[in-house]
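Chains A and B, in that order, are what the protein sequence lines are. Numbering-wise, the first sequence is residues 1 to 107 according to this note's numbering. Numbering-wise, the second sequence is residues 1 to 118 according to this note's numbering.
Hints listed in this document are in silico derivations from the structure and should not be mistaken for laboratory results. Remember, it's a predicted structure, so these values are computed and weren't measured experimentally. Any given hint might turn out to be false.
Straight-line C-alpha distance at most 20 Å; calculated SDA-like pairs for lysine to any residue [said to hold, decoys possible]:
#, chain 1, residue 1, chain 2, residue 2
1, B, K96, A, P7
2, B, K96, A, K22
3, A, K9, B, G42
4, B, K96, A, S52
5, A, K9, B, Q41
6, A, K9, B, L39
7, A, K9, B, E44
8, A, K22, B, Q41
9, A, K9, B, Q37
10, A, K9, B, S38
11, B, K11, A, R43
12, B, K96, A, H50
13, A, K9, B, K96
14, A, K9, B, A88
15, A, K22, B, G42
16, B, K96, A, G92
17, B, K11, A, R41
18, B, K96, A, L46
19, B, K96, A, R41
20, A, K9, B, V89
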Amino acid sequence: AQRVTQPEKLLSVFKGAPVELKCNYSYSGSPELFWYVQYSRQRLQLLLRHISRESIKGFTADLNKGETSFHLKKPFAQEEDSAMYYCALGTGNQFYFGTGTSLTVIP
Amino acid sequence: GAGVSQTPSNKVTEKGKYVELRCDPISGHTALYWYRQSLGQGPEFLIYFQGTGAADDSGLPNDRFFAVRPEGSVSTLKIQRTERGDSAVYLCASSKRQGAWANTGELFFGEGSRLTVL
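Between the sequences and the hints, there should be enough to build the whole structure, so can you do that?
Structure representation (structure tokens):
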């Protein structure tokens, strides 16, 4: 069965510190992985997708098929990064979301 | 409109009542998804439409839940005989399908309909 695991419900870091949000997935096929973000009082929106291999707002994520992981990283956290982050797995018709990690960046 | 629109934004109902939640996707988006998000959880897949047909309804929890998209645009999620456990935020998302790689398309979410069953 397909599953997305985000082990940390809450994560706090100081401004300027590195941040890593963990995501592990379980899927027998070829995965499509995404990170979605929800800022306070805004709707859920796409942050980045693994096939694009891009950096968005300083965030990057590398798909590691051996470890079945897609961790989200940023070298220097900013206060505006405080939000809810969801890892998502795309398969055929469905997107499976993790339970989310609430990131707080402390000034 | 510019984005996915969902109505009502809030709905309070009594146990046993019937509820309809509406989603108006982005114009031209053929794929439409319904998700349910309970407190402290991620969005849980309910149903996916490609055009007018439900391509995958495996996420609907039971036969009290039903969704339609008769003209391939607006969709309505219908919940019969509501129960307290149905209380959640119901999210709608639309996507422009990209050939065979449907899931390389970005999901655009609405703001959700918060359902409270008393």
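These are the hints, each one checked on the structure:
1. The suggested pairing of K96(B) with P7(A) is violated, with an alpha-carbon distance near 31 Å, which exceeds 20 Å.
2. Proximity of K96(B) to K22(A) is assessed by CA-CA distance (about 28 Å); at most 20 Å being required, the pair is judged violated.
3. Restraint check for K9(A) and G42(B): the C-alpha separation of about 11 Å stays at or below 20 Å, so the hint holds.
4. Under the criterion of a C-alpha separation no larger than 20 Å, the hint pairing K96(B) with S52(A) is consistent with the structure, at around 17 Å.
5. For the given pair, K9(A) sits about 10 Å from Q41(B) by alpha-carbon distance, which is consistent with the 20 Å threshold.
6. Between K9(A) and L39(B), the direct Cα distance comes to roughly 12 Å. Compliance with the 20 Å bound is thereby established for this hinted pair.
7. For the suggested pair K9(A) and E44(B), the alpha carbons sit about 17 Å apart, so the restraint of at most 20 Å is met.
8. Between the alpha carbons of K22(A) and Q41(B) the distance comes to roughly 16 Å, so the proposed pair stays at or under 20 Å and holds.
9. The suggested pairing of K9(A) with Q37(B) holds, with an alpha-carbon distance near 15 Å, which does not exceed 20 Å.
10. Taken as a hint, the K9(A) and S38(B) pair is honoured in the structure, with Cα atoms around 15 Å apart against an allowance of 20 Å.
11. Only pairs whose Cα atoms come within 20 Å are accepted, and K11(B) paired with R43(A) is accepted, the gap being roughly 18 Å.
12. Under the criterion of a C-alpha separation no larger than 20 Å, the hint pairing K96(B) with H50(A) is consistent with the structure, at around 18 Å.
13. Between the alpha carbons of K9(A) and K96(B) the distance comes to roughly 31 Å, so the proposed pair goes past 20 Å and is violated.
14. For the proposed pair K9(A) and A88(B), the alpha carbon gap of about 19 Å is at most 20 Å, so the pair holds.
15. Distance check on the hinted pair: K22(A) and G42(B) sit about 15 Å apart at the alpha-carbon level, within 20 Å; holds.
16. Simply put, K96(B) and G92(A) have alpha-carbon atoms about 14 Å apart, close enough for the 20 Å limit, and the pair holds.
17. Distance restraint check for K11(B) and R41(A): the Cα-Cα separation of roughly 18 Å lies within the 20 Å cut-off, and the hinted pair is therefore satisfied.
18. Of the pairs offered as hints, the one joining K96(B) and L46(A) holds, with about 14 Å between alpha carbons and a cut-off of 20 Å not exceeded.
19. Between K96(B) and R41(A) the CA atoms are separated by roughly 25 Å; this puts the pair beyond 20 Å, and the hint is violated.
20. This hinted pair checks out: K9(A) and V89(B) have alpha carbons roughly 19 Å apart, not beyond 20 Å.
The structure is inconsistent with the numbered hints 1, 2, 13 and 19, although it conforms to all the rest.
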